[in-house]
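**Student:** Sequence:
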Amino acid sequence: MKPYSPEISPVFATTIAPTSERSPIATPATERKGRLNKETEDIKAALEAGDLSGAAYVAHKSDELLKKTELNIAITGESGAGKSSFLNALRGLGDEDKDSAKTGVVETTKKPEPYKHFKYPNVIFWDLPGIGTPDFKPDTYLEQVKFDRYDFFIILASERFRANHARLAQEIRRMEKKFYFVRSKVDFDLYNEKRKQNFDEEKTLDKIRNDCIEHLSKEGISSPKVFLVSSREFQKYDSPKLQKKLLKELESHKKHIFLLALPNLSKPILEKKKKALQRQIWKQALKSCAIAAVPLPALSVKCDIGILVDNMRQYCESFGLDDISLHALASQVGKSVAELKDVIKSPLAKDISKETAKEQLTKATGKGLILAKHFISMIPVAGTIFAAERSFTVTYRMLNSFLDDVAEDAQRVLIKDTIKNRLLSSKTPT
3 MKPYSPEISP VFATTIAPTS ERSPIATPAT ERKGRLNKET EDIKAALEAG
53 DLSGAAYVAH KSDELLKKTE LNIAITGESG AGKSSFLNAL RGLGDEDKDS
103 AKTGVVETTK KPEPYKHFKY PNVIFWDLPG IGTPDFKPDT YLEQVKFDRY
153 DFFIILASER FRANHARLAQ EIRRMEKKFY FVRSKVDFDL YNEKRKQNFD
203 EEKTLDKIRN DCIEHLSKEG ISSPKVFLVS SREFQKYDSP KLQKKLLKEL
253 ESHKKHIFLL ALPNLSKPIL EKKKKALQRQ IWKQALKSCA IAAVPLPALS
303 VKCDIGILVD NMRQYCESFG LDDISLHALA SQVGKSVAEL KDVIKSPLAK
353 DISKETAKEQ LTKATGKGLI LAKHFISMIP VAGTIFAAER SFTVTYRMLN
403 SFLDDVAEDA QRVLIKDTIK NRLLSSKTPT
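Residues are numbered in the numbering used here as their position in the sequence shown, beginning at 1, plus a constant of 2.
These are computed hints drawn from the structure, not numbers from a lab. Only true hints are included.
With a straight-line cut-off of 25 Å between C-alpha atoms, the simulated BS3-like cross-links for lysine-lysine are:
| id | residue 1 | residue 2 |
| --- | --- | --- |
| 1 | Lys-274 | Lys-257 |
| 2 | Lys-100 | Lys-343 |
| 3 | Lys-70 | Lys-352 |
| 4 | Lys-276 | Lys-118 |
| 5 | Lys-179 | Lys-148 |
| 6 | Lys-69 | Lys-118 |
Quick caveat: nothing in here was measured; it's all calculated off a predicted structure.
Given the sequences, and given the hints that come with them, work out the whole structure.
**Tutor:** In C-alpha cells, the structure reads:
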C-alpha cells in the first residue's frame, strides 16, 4: 500500500520553484553552479508525484548520509614542526585540554594516531610520524602511513621547507591527492624580529613566505602556495585563508561536516556555518509536515518536538555553545567559563530539552498556533493537508529563529574573545 500523502499544495510547490519565483520560506540546497543536487532532485520528483512521505524519506536519508560521511585529514612534517599543536588548534583545543594530541620537543608520534573531533566523530585528524625520522623515510612513508585513507594532507614546517617536504608532496601529487604547505610557529619568528629596529610585521611575514616558496621551488615544486599560521593564535595570519581553501576544495558533504567542525574563531566562519545550517532547515520542515499528514492525533506535535530538539542541540554545538567548547576557549584566552557564559542568551547544548523546544516554539509562533496544530491533526484528510502545511511553516520559522539567536550568541562570545590578542601579544611564544 502506498503511504498516505496529501496532494501538493502551494507551500510545497514554493520549495521546488526556481529561485526567482521562490518565497523566502523555501531555500533548498544547490550545488556551487546553481544546479539542484541529486537529493533535491529526488525530493522534487517525489513532491511532483504527490508522494510527500517519499520526499520526507529522501530528506531523512540525506541527514543520515551527512552523519555517516567521514573526513580524514593527515597532518605531517618533520619532527618538531608543531604537528600536534596544529592538530589541536584545528579542533579548537589547547595542548593541555582533555583529548588533545600529545605534544613535545622530540618526536612523540611513532605511528599514525587518529584524533576524532570531540563533537563530530566522523571528522578524524591524523597525527602522522615525522618525515625523515629513523623509522620513516619519504620513499616508503606514504605506504607505511596507509596513504589511501586520507582525504588530503597538510605538510608542516616550522623553519624552511626542505627536500623531504618536496619529495613527499610530489609523491602525494603523483597519487592524485591534495596537499597544502603550512609554515607553523610564525608567532615565534615575529617575537624575535620585534627586537630589531624598524620592525614591520607584514614585511617579516612576506619574507618568511617568500623564503618558503623559494626553497620549495628549488626542490621542484611549481608555484607553491604556503600558508603562515600560529597554533597559539590560530585566528590570525593565513589560517582563515587556509580554512577557506580547504572548504572550497572539498565535495559538498565533506565540506559541510568540516565547516561545522571548525573552531569558531572568525566572523566569516560563523557566517558560513549559519548559511550551511540554514540550507538544511527546509528538509527538517519537510520531515515535520510529512508526519503532520499522518491522521493520528497528537503525533505531529510530539514528533515536531523531537526534530526541534535534535536540531537545536546541533546548532549549539556547531557554534561552540557547549561545555567542552567553552572550557577549551576559556583556558586559551585566560577567561573563566562564567565570563563567557555571561554574554550567551540562548540555552547551552546540554540544557536543550523537550520543554526548551516548546518554549522556543511558543516564542516563535505563539501558543495558540501550537494548540491549533493539535486539534487540526485530529480532523481526517482535509485537516491533515492543512496540518502538513502549518507544520512545515512552524518548524521552518522556529528553527530559523533559534539559529539566528545562537549565531548572535557565538558572535558575542567571539567579541569577548578579542582580549586573547592582547593577552598573547604580551607573552613569550613557546
